[in-house]
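*Asks:* Following the hints, put chain B in place on chain A, whose structure we already have.
Listed in order, the protein sequences are those of chains A and B. No gaps in the numbering here: position 283 of the first sequence is 283 in the working numbering, and each next residue is one more. No gaps in the numbering here: position 260 of the second sequence is 260 in the working numbering, and each next residue is one more.
Worth flagging that the hints you see were computed from the coordinates, not collected in a lab. All C-beta atoms in this analysis are idealised placements derived from N, C-alpha and C, irrespective of residue type, glycine included. Treat the hints with caution; some may be incorrect.
Distance ranges between label pairs, derived from CB positions [to be verified]:
1) A/281 to B/275: 32 to 40 Å
2) B/78 to A/416: 24 to 32 Å
3) A/390 to B/303: 47 to 55 Å
4) A/86 to B/274: 23 to 31 Å
5) B/303 to A/281: 14 to 22 Å
6) A/42 to B/279: 29 to 37 Å
7) A/417 to B/135: 26 to 34 Å
8) B/276 to A/392: 46 to 54 Å
9) A/90 to B/289: 23 to 31 Å
10) A/446 to B/281: 36 to 44 Å
11) A/364 to B/303: 37 to 45 Å
12) B/289 to A/109: 39 to 47 Å
13) B/210 to A/161: 22 to 30 Å
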Amino acid sequence: MAKKNTAAVEAPKAFFEYAPAPESPAAAGDIATSYGHFIGGEFVDSSGSEALKTVNPATEQVLAEFAQGTEEDVDRAVAAARKAFADWSALPGSERAKYLFRIARIIQERSRELAVLESIDNGKPIKETRDVDLPLVAAHFFYYAGWADKLDFAGFGSNPKPLGVAGQVIPWNFPLLMLAWKIAPALATGNTVVLKPAETTPLTALRFAEICRQAGLPKGVVNIVTGDGRTGAALTAHPDVNKVAFTGSTNVGRSIARQLAGSRKKLSLELGGKAANIVFDDAPIDQAVEGIVNGIFFNQGHVCCAGSRLLVQESIQDELLDALKRRVETLRLGDPLDKNTDIGAINSAAQLARITELTAAGEAEGAERWSPSCELPSTGYWFRPTLFTGVSQAHRIAREEIFGPVLSVLTFRTPAEALEKANNTQYGLSAGIWTEKGSRILWMADRLKAGVVWANTFNKFDPTSPFGGYKESGYGREGGRHGLEAYLDV
Amino acid sequence: MSDIATRLDASARIQVSKTYKLFVGGKFPRSESGRVYEVTDTKGQWLANAPLGTRKDTRDAVLAARAAVKGWAGTTAYNRGQVLYRVAEMLQGRREQFTAEVAAAEGLGAKKAAALVDQAIDRWVWYAGWTDKVAQIAGAANPVAGPYFNLSVPEPTGVVGILAPQAGYGHSFLGLVSVLAPVIATGNTAVLAAAADAPLPALSLGEVLATSDVPGGVVNILSGRTADLAPTLASHQDVNALDLTGAIADEGPGAAASLEAAAADTLKRVLRPAVDPSAQDWTNAPGTDRLLSFLETKTVWHPMGQ
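Excised from the complex, chain A in its bound form:
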C-alpha cells in the first residue's frame, strides 16, 4: 500500500466555495446518432458495416456511432483527394489563401460550439478548449492562409511544389488543434488531404468537414475517414499517398517509419516526450509552481510535451514541494463543462488503465506517491493529480511516457547534473527552465536536447513557432516557416 504523506501539507481554507458555472451541452449543436465518412465533399456511408462508438469520458454516455473505415473507404478517400489535387494545386496561392482565411473566420464564429463539442467528446475542461484550443485552431488557419501566396519566399527555392495527397493521422489529446496543425499547412502549400481522427474523438473533425462545406472548399480537397488504428494503417500504407504525417505514440511512429521504408513517401512524425521541467534555487517559486502545474496538469497531462519530470534543485526541494502541494490542493477536478474546472476526465478507459498501471509501477519501485484529497465523480474516467517523490532515473515513471496527470520529482545539485538528467531520455520534445539568471537559461537552453525549450514559462504554443522533437520524439517541425517544409517537395 502507498504511504500517505500529507503531514507537510495543510489543505487550504477556501474563502468561498465555487458555485457551479456550467456551460450548456446544447451549445455543441446537433450531434447525429451515427456518422459516415466525409469523402469528395459529401458525408457518405462506409463500405463496411462495423461501427464504433464515441463516449463522453466524463459520463460514459455514448455520444454517437461512427464508421470504422475500411481499406475500401480509404481507397475512395485517397481517390477523391487525388482527383481534387490537380485543380487545387493549380489554383493561384492567393485563391487558396482565401479559402483558408474563410475557414479561419468560420472557426472563430463557431468557436463556442466547437469548444463545447470538443470538451464533451474529449473530456478536457471547457476552460481549455475555449481559451486555448479554439483560438489556436483559428490562428493556425490564419497563419498558413497567409503563406499560400508567399511560398516562393519561404526559403525552399522559387516555385516549390506540393507533394500530392497527404495522409494524416492525429491523436485524441488535441483533436481539433492537431487537425489544424496538419490541414492548414497542407492546404496552403497546395496538397489535398485525407485525415483520420482518433477513434475516441472523431466528432470535431466531422464538424470541421461541415465547415469546409460552408467555406465552399472544392470537393475532395479535405476528406475525413474515421476509424481506429486499422484505418490509420490502411491510410499510411496506401500506395497513392505521397506524404504521411503522424502525431501519436513513439511505438506507432516507429512502425509507420518501418512501413514506409523504401516507399519514398515523405514522412513527418510528432511522437512522445518525457520533458524535464528544471527549477533552480533562484527561481521565483510562485511562478515556477504555476508553471509546474500548467506543465503537467494542463489537459490532464495528455500532452506529449508535458513537463512530466520535475527536476528541482536539492536546496529548495522542501519549500517548492510544499508550495506545489498547496497549489495542487486547490485544483478543481470534475465536470469538464463547468467553467471552473481545472482537471477534466481521462479520455478513455484504456488510457485510465495505462495511467493506473504505470503509477502502480511507481509505487512498486519505491517512489512515494501523493495526491490531493479531491473527490472523484462516480461515473466517468478520472485520475487524481499525482506527485511522486523519491524518484530515481531508473524508475519506469521517470523513463516512460505516462500521458496523464502524474508528475515524477527528481533532484539535482548543479546545472551540469540537471542537464545530464534532463537529457537522459530517449525522447527530446520539450524542456522547461526556471531561474532568474539569464546566462544560465541560455547555457541550459543551448545544451538541452529538446525541440522546444520554455524558460520561465511552459506549454506555450503559437502557429508562428516551430514545434517538434529531437531523438525518438520524431522528426520534422510543425508551425512557422519550418512547418511548410513537410508539405513541399524540397
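*Replies:* Coordinates of chain B only, in the frame set by chain A:
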C-alpha cells in the same frame, strides 16, 4: 622502355607504394579483422589493398564520433569555418595525389580528374563559408501572439552515418566531399563508409583531415563492403541520422529500403538515395538541402516584461 626493361634497369627507382588504413578517432588503425580487399582501377588493374572494415570497426568509429560531438558542436561557427578552410588549404597541396587517385578510380583522363579535384576543393571552401551563415537562413525570430521572446535556432543532429556515393560522375572525390562537408559544417560528426570500389580518395582524405585542425573523431572513414558496414550504422543506437546516398541498389543488407527500415527502430533521420544514383552528376551545384537535412530546430521561449 618496356615495363620489364624498367624493372631490370638497376638504376630505376622502385616506387614506395602506399598502405591505406582506416581513419578512426584521428588515428589510422588497420581493420580489427586484419583483412584487406583488392582495389582496382576501372580496367581491373590492382591499385592497392584497402582495409576490409567490419561491424566492430564501425562501432569503434561511432564511439569516436559520439565522443567528438560535444567539442565540435560546441566550437563557434567562426572557428568551425576556419578549420574547414584549413582542410581546403591542405587539399590544394595534395591536388596531384587526388587527381591520380580520381583518375584511377573513375577511369578518367588526367585533365578531367584534375577538374573534378579542383571542384571538390572549391566545394569544400563553399561549405567552409556556410558554418556561420546557416543559422541565419535556417533560424527565425517568431512573432508569437503574446509577450514572449521566441527564437528558433538550428542545431546539429549529432552523429551522422554516411554511405558515400558509389556511382555518378565525380563520385569518388567530388561526391565524397559533397556528402561529408555539409554534415560537419553544421556541427555534426560523421562516420563515413567509403565507396566500396573506389575507397582510395576517401582514405587519403583521412590523412588530410588528420593534418588539418579537425579534431579527432569528427570524421571517421571506413572502407570495406557496404553490406558489412551499413547495417551496423543503420541500427546503431548512437547514430542520429543516416545518409543513404551510397546505399547499394540490390535487395538485402546494404540496400536502401532495408537500411531505412532498420533506421526506423531508433527513429533516425534518413536522407534517401537518388532514384537513379548512377545518373547523379556531382558537378551540379549542391544547394542547401544537405546542410539542412542534418539539423534540428530548437525553439526557445522566454516571457517579456519589466
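*Asks:* If a hint holds in the structure, say so; if it does not, say that too.
*Replies:* Quick rundown of the hints versus the structure:
Distance hint check for residue 281 of chain A and residue 275 of chain B: the Cβ-Cβ separation is about 57 Å, which falls outside the suggested range of 32 to 40 Å. In this structure, residue 78 of chain B and residue 416 of chain A meet the distance hint of 24 to 32 Å, their C-beta atoms being roughly 26 Å apart. Under the hint 47 to 55 Å, the C-beta atoms of residue 390 of chain A and residue 303 of chain B, about 32 Å apart, miss the expected range. Under the hint 23 to 31 Å, the C-beta atoms of residue 86 of chain A and residue 274 of chain B, about 27 Å apart, fit the expected range.
About 20 Å separates the C-beta atoms of residue 303 of chain B and residue 281 of chain A, a value consistent with the hinted range of 14 to 22 Å. The beta-carbon spacing between residue 42 of chain A and residue 279 of chain B, approximately 44 Å, falls outside the hinted interval of 29 to 37 Å. With their beta carbons about 29 Å apart, residue 417 of chain A and residue 135 of chain B fall inside the hinted range of 26 to 34 Å. Range check, residue 276 of chain B to residue 392 of chain A: about 53 Å between beta-carbon atoms, so the 46 to 54 Å window is met.
Range check, residue 90 of chain A to residue 289 of chain B: Cβ separation about 26 Å, and the 23 to 31 Å hint holds. Between residue 446 of chain A and residue 281 of chain B the beta carbon distance is about 39 Å. The supplied range of 36 to 44 Å therefore holds. A beta carbon spacing of about 40 Å between residue 364 of chain A and residue 303 of chain B agrees with the range 37 to 45 Å that was offered as a hint. Range check, residue 289 of chain B to residue 109 of chain A: about 42 Å between beta-carbon atoms, so the 39 to 47 Å window is met.
At roughly 43 Å, the beta carbons of residue 210 of chain B and residue 161 of chain A sit outside the given window of 22 to 30 Å.
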